[in-house]
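J.: If you want the building blocks of each chain, they are given just below.
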Amino acid sequence: MPKPSDESASWESLRESIIGLGETSLRKSYYPELRKRLAELERFRTLVDQSNDAIFVIAMPAGRVVDANLTACRLVGYSLTELKDFDFSRLLSADLHRALAQQSQAANLGDLVCTELITAAGDVVPVELGLHLVSYGQEQYAITVARDISERRSAEAEMRRLEMQLVQAQKMESIGRLAGGVAHDFNNILSIIMGYTELLLQDCHAEENREALNEIWAAGGRARDLTRQLLAFSRKQVLELTPMNINTVVKGFEKMLGRLIGEDIEVRTVLEPQLGQVMADVPQVEQIILNLAVNARDAMNGGGKLTIETRNTWLDSEYARLHSDVEPGPYVMLAVSDTGSGMDSATMAQIFEPFFTTKERGKGTGLGLATVYGIVKQHGGSIWLYSEKGLGTTFKIYLPRIRQQTQSANNASGASELQTCSARVLLVEDDAKLADMVSKMLGNLGCAVIVARDSFDAVECARHDQSIDLMLSDVIMPGLSGRQVYEEIAKFRPELKVLFMSGYTDDIIAQHGVLDAGMHFLQKPFTTHDLLAKLRETLGEPA
Amino acid sequence: MDLRKFVAPEFVFGQGARKLAGRYARNFGANRVLLVSDPGVMAAGWTAEVKAALNEADIACTEYSAVSPNPRETEVMQGADCYLSEDCDAIVAVGGGSPMDCAKGIGIVCSNERPILEFEGIDNIQQPMPPLICIPTTAGTAADVSQFAVILNTPEKLKIVIAGKSAVPDVALIDPEPLTTMDAYLTACTGLDALVHAIESFVSTASSPITDLHALEAIRLIATNLLGTISQPHDIGLRSQMMLGSLEAGLAFSTASLGAVHAMAHSLGGLLDLPHGECNAILLEHVMAYNFTAAPERFRQIGGALGLDLRGTPNCRDALLAEIRRIKTAAGVTHSLRELGVKPTDLPALAAKAFKDVCLVTNPRKPSQADLESIYAEAL
Numbered sequence: 001m002p003k004p005s006d007e008s009a010s011w012e013s014l015r016e017s018i019i020g021l022g023e024t025s026l027r028k029s030y031y032p033e034l035r036k037r038l039a040e041l042e043r044f045r046t047l048v049d050q051s052n053d054a055i056f057v058i059a060m061p062a063g064r065v066v067d068a069n070l071t072a073c074r075l076v077g078y079s080l081t082e083l084k085d086f087d088f089s090r091l092l093s094a095d096l097h098r099a100l101a102q103q104s105q106a107a108n109l110g111d112l113v114c115t116e117l118i119t120a121a122g123d124v125v126p127v128e129l130g131l132h133l134v135s136y137g138q139e140q141y142a143i144t145v146a147r148d149i150s151e152r153r154s155a156e157a158e159m160r161r162l163e164m165q166l167v168q169a170q171k172m173e174s175i176g177r178l179a180g181g182v183a184h185d186f187n188n189i190l191s192i193i194m195g196y197t198e199l200l201l202q203d204c205h206a207e208e209n210r211e212a213l214n215e216i217w218a219a220g221g222r223a224r225d226l227t228r229q230l231l232a233f234s235r236k237q238v239l240e241l242t243p244m245n246i247n248t249v250v251k252g253f254e255k256m257l258g259r260l261i262g263e264d265i266e267v268r269t270v271l272e273p274q275l276g277q278v279m280a281d282v283p284q285v286e287q288i289i290l291n292l293a294v295n296a297r298d299a300m301n302g303g304g305k306l307t308i309e310t311r312n313t314w315l316d317s318e319y320a321r322l323h324s325d326v327e328p329g330p331y332v333m334l335a336v337s338d339t340g341s342g343m344d345s346a347t348m349a350q351i352f353e354p355f356f357t358t359k360e361r362g363k364g365t366g367l368g369l370a371t372v373y374g375i376v377k378q379h380g381g382s383i384w385l386y387s388e389k390g391l392g393t394t395f396k397i398y399l400p401r402i403r404q405q406t407q408s409a410n411n412a413s414g415a416s417e418l419q420t421c422s423a424r425v426l427l428v429e430d431d432a433k434l435a436d437m438v439s440k441m442l443g444n445l446g447c448a449v450i451v452a453r454d455s456f457d458a459v460e461c462a463r464h465d466q467s468i469d470l471m472l473s474d475v476i477m478p479g480l481s482g483r484q485v486y487e488e489i490a491k492f493r494p495e496l497k498v499l500f501m502s503g504y505t506d507d508i509i510a511q512h513g514v515l516d517a518g519m520h521f522l523q524k525p526f527t528t529h530d531l532l533a534k535l536r537e538t539l540g541e542p543a
Numbered sequence: 001m002d003l004r005k006f007v008a009p010e011f012v013f014g015q016g017a018r019k020l021a022g023r024y025a026r027n028f029g030a031n032r033v034l035l036v037s038d039p040g041v042m043a044a045g046w047t048a049e050v051k052a053a054l055n056e057a058d059i060a061c062t063e064y065s066a067v068s069p070n071p072r073e074t075e076v077m078q079g080a081d082c083y084l085s086e087d088c089d090a091i092v093a094v095g096g097g098s099p100m101d102c103a104k105g106i107g108i109v110c111s112n113e114r115p116i117l118e119f120e121g122i123d124n125i126q127q128p129m130p131p132l133i134c135i136p137t138t139a140g141t142a143a144d145v146s147q148f149a150v151i152l153n154t155p156e157k158l159k160i161v162i163a164g165k166s167a168v169p170d171v172a173l174i175d176p177e178p179l180t181t182m183d184a185y186l187t188a189c190t191g192l193d194a195l196v197h198a199i200e201s202f203v204s205t206a207s208s209p210i211t212d213l214h215a216l217e218a219i220r221l222i223a224t225n226l227l228g229t230i231s232q233p234h235d236i237g238l239r240s241q242m243m244l245g246s247l248e249a250g251l252a253f254s255t256a257s258l259g260a261v262h263a264m265a266h267s268l269g270g271l272l273d274l275p276h277g278e279c280n281a282i283l284l285e286h287v288m289a290y291n292f293t294a295a296p297e298r299f300r301q302i303g304g305a306l307g308l309d310l311r312g313t314p315n316c317r318d319a320l321l322a323e324i325r326r327i328k329t330a331a332g333v334t335h336s337l338r339e340l341g342v343k344p345t346d347l348p349a350l351a352a353k354a355f356k357d358v359c360l361v362t363n364p365r366k367p368s369q370a371d372l373e374s375i376y377a378e379a380l
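Sequence lines, in order, name chains A and B.
Each residue of the first sequence is one higher than the last, beginning at 1 in this note's numbering.
Each residue of the second sequence is one higher than the last, beginning at 1 in this note's numbering.
Treat the hints with care, as some may be off.
[As the list claims (entries may be wrong)] Here are a few chain A residues that sit away from chain B, every Cβ distance over 12 Å (derived from the structure):
#, residue
1, E40
2, G122
3, I143
4, L260
5, M343
[Stated by the list, open to error] The calculated label-pair distances, taken between Cβ atoms and stated as ranges, are:
#, chain 1, residue 1, chain 2, residue 2, range
6, B, E118, A, L21, 20 to 28 Å
7, A, S79, B, T181, 54 to 62 Å
8, B, P209, A, T24, 23 to 31 Å
9, A, L70, B, A52, 41 to 49 Å
Derived from the structure by calculation, the hints contain no laboratory data.
No residue lacks a Cβ here, since even glycine has one placed at the ideal position from N, Cα and C.
This is chain B alone, in the form it adopts within the complex:
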């Protein structure tokens, strides 16, 4: 068996976990934290709640919520400036992938004192960042446990991936309650994002037995609970299962990394600023169709985790893709790329950018740039 590492932060899972923010921040020696969130999370009231918990522990807060759905390098630099000028000594991120990735970027810039875009790639972070506490409010991103941060390079319209053990948060407070304020479509997109994480990490060339366990369990949890939680958004039991699925998918992909779906979704997000979860959902079946031959046995296991009985099925690939399409349709994610505004003329540029994305290197099948363009065309 090859050498494999498994990286995960300390995390607390369960209802009320978010309320431990004050205690954790105090243990990290914080006097003033930079509280990073976004307007949607603030409107839902979760930011204020965490702030109250911090204040109760005698910790002052500086709020920073100027974060776009695809967080930009300018927002990271502005946040770092805010952190330094306000003399903060820890960061708390409340929200989905955007605030958490932005918070990671801010931390990296503050301790390494260089522009965020210089950290693109793997293991380019020299100094550990200040203490970072993540409180996810979506069941999808899993940035709260991952070693990845994705930042939009606006001048080059490119989403860059910053990966490294130094980008893993110090603690994740994973609480299902904040999920209850997500609308049906956001629940669907984030849930499908988590499903993509699980599937891509399971077929990744960097996968390992430990990540496999989490990936398959994540697929099972999401397949079982996604549609239910969309129809019963306030069912905390279902939300908890989805949160657990997202966490396990995160534990899997943080170490095993991802594949072509993410490489291509990053390209779409960078060039056209499209929402990440939705792009992943649209691309998933097309990439799976392309990858299938490279890891048929693994895809067969994915089918099993999705609840399919593929025994005696002559064409597993088609059965698997049909099930993915069924789940997406039932969840209400039916747009094509064209409907999101992608034009056929965009495809060469999209493929060129995706071809350079670091997520591509663990894809089970090594595509050419032309292959990627064809996949985009199928998803158009």
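If we strip away everything but chain A, and leave its shape as in the complex, we get:
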């Protein structure tokens, strides 16, 4: 619109404007603006109503509720109209009201307080309450935001209950073990006492002595009853071994594990569908999984991944020779892996000792892994631990597999047949004892073995010995990793065959991106049979 002072504004256009038929000269109304504001208000109201938190607007200092959002109405079970007649203190118990009043006087208004609201139905809802004072016109209001923490509270209670259960179970376990042990020996002693008392009673006719012997016999009976009770209490004195599938136990536990372990840890199960059966006591196997899972959880403070795997496996005589208490034969493997903090070798050496713990005082009993160890041993199984500081830990438990009807009788003999491999193998393994064992295994198979001192030495060995057919290497080692050693060698020996071995399962290794698809991988622990098969596969020879 031209101003009259604009020289250029034409006389005529100004006259037209005065006559007032232009678009901008129409009389304006507040109505469109009102509708816009009302729509904005509606949007704002929706925003407030759909908040997860309950919001109350309270007139101060009277304490009357003047507004509340939908969440607030639902939380306390009153309609907005009902709430508007309320003194907010009606939603609080008397003592809480007093405490809040004091708190607001202390000017700690921004702070959150945990308190409880009383609903229309008389229920008590735990809430986290925040108060902020605002002034609008002449009035002062407290904007009160209440967050329902019932779920959080019950989750905490559930967690506490599970922990208590666990502690209790472990306590019972050790008491039971003690009681069972004592009762067992005591029963042997009692047998002698009562047996000889009975014999004496048969021969003795002196009434005075018979009376004394009867008393001894009766006291022995009472002692026997007592030991029976002790045995009943310990429960574990006699294992109830039944044929069972460990997969069933793992599946039954999955849901509870999720709750026990917490949301920040992902629980994964990799179960062999055709898993063989073991003779085991079901509650004990549950105890094993529970203890290992709790141990894994505590190792993964900032969250992580817990993997439970089952697999059929065969431990051969070579493995048995290197592990004093292992019988060769078919086994079922149960592995529990975490991506937690891992442990050093000093900790690994002590980990199964009773009362050894790396946790803060009061946080752990030191019996969890000791219990697992005991149960596994009691079942005639073995437990194997592989851990690398910072990468995580894998526990592998081998329980003897019972023969199933479908099983081939030739399986065992197949492994013992004399088979050879004449390859020249470069062995790279940072654990000297393990290197020694694998070297012997390779030697028994007929391989020529060059043992590298470390990962750098391996590269040098390969450079100087052109006749090496294959490199057998650990994956995770100090210095260069197995993958890096291979990459270095491949620069001058691109055709060199390589077989990686690791105590981590290939699944875990693959997750760390160490192996590409198609690379050869041997799972520790392995039998001579396993080793030979993998060597042949890698060398491209027929099995």
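Fit chain B to the given chain A structure using the hints.
T.: Frame of chain A, contents of chain B only:
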């Protein structure tokens, strides 16, 4: 017939109309009104009376009376500040053109949140102002029904015209009783102002049949009653006729706009801060003399409305100008511009400012700046 619009607010006319202020303010949803008046109106007691009426309707008042005869932009801004800081939600203006124009300015600033001088011109008001109730206490300005507000730009010594449908009040409560406290000279100046409104709107190039009706009737009412009401100031019948004349003149010029008299009077008010009604009265005959040839038939009708029988009169122009001079003299408005303090050296500047005034665009004859200077010289 060309397209024409007629704009007027709701108005209540008659004795006691001012007492409806409370009812109207309440209907507009007001809780606290800014009551704008000036010291003269306050002294006469009309402000207090309206305030009482508002209070009776449970409406609080914040009074604002720092308004000069030619209301200044600073007074508007100060009033707007007062309105906002006191959390007012409506405006009631009691008084002549000055408080009513100032009240319009305050309303415009409050809802548009910009300095008042930015609204100069036509239709530059984007947001409607808060509810505005006007209670006129003079029979002349008719700002209570018009779409105009005139504000003094003090730094540039220029009266700016703000025009637009958004500057029309929501309701006018037009009551003749407050006129009774005007002295004879104010009655004369305001009455002649109304006469100028009627004459200028009738010859305006934006006039229409509906505005013509009001303009001619206004001329007739003022010519018939002005001198009588000056001599009998308390005759409520005469005051009512004058109030009606002023209202009809307002209805006419609000839509048809004005002409050179107003453009030149605004220039005088801006440069020398002279009273508006008196300037109009002095300039009227000189501008009519200049305009006559552009609309002789219309001027002849004006003569008829003034009560002249111009049949057979060879020189209508002279007869008409003589009648205007007679009325002015009888009303006691006899000053020349020189007597008001205008110097010959002021004329070029006055003409330059008048030449840019928006009221000039509907003048029946398009003057040059030199023409305007000559007219000023004649009125000197």
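J.: With reference to the structure, classify each hint as holding or not holding.
T.: A quick look at each hint next to the structure:
no.: 1; hint: E40; result: holds, 16 Å
no.: 2; hint: G122; result: holds, 42 Å
no.: 3; hint: I143; result: holds, 22 Å
no.: 4; hint: L260; result: holds, 61 Å
no.: 5; hint: M343; result: holds, 70 Å
no.: 6; hint: E118/B x L21/A: 20 to 28 Å; result: holds, 24 Å
no.: 7; hint: S79/A x T181/B: 54 to 62 Å; result: holds, 59 Å
no.: 8; hint: P209/B x T24/A: 23 to 31 Å; result: holds, 25 Å
no.: 9; hint: L70/A x A52/B: 41 to 49 Å; result: holds, 47 Å
Hint compliance for this structure: every hint is met.
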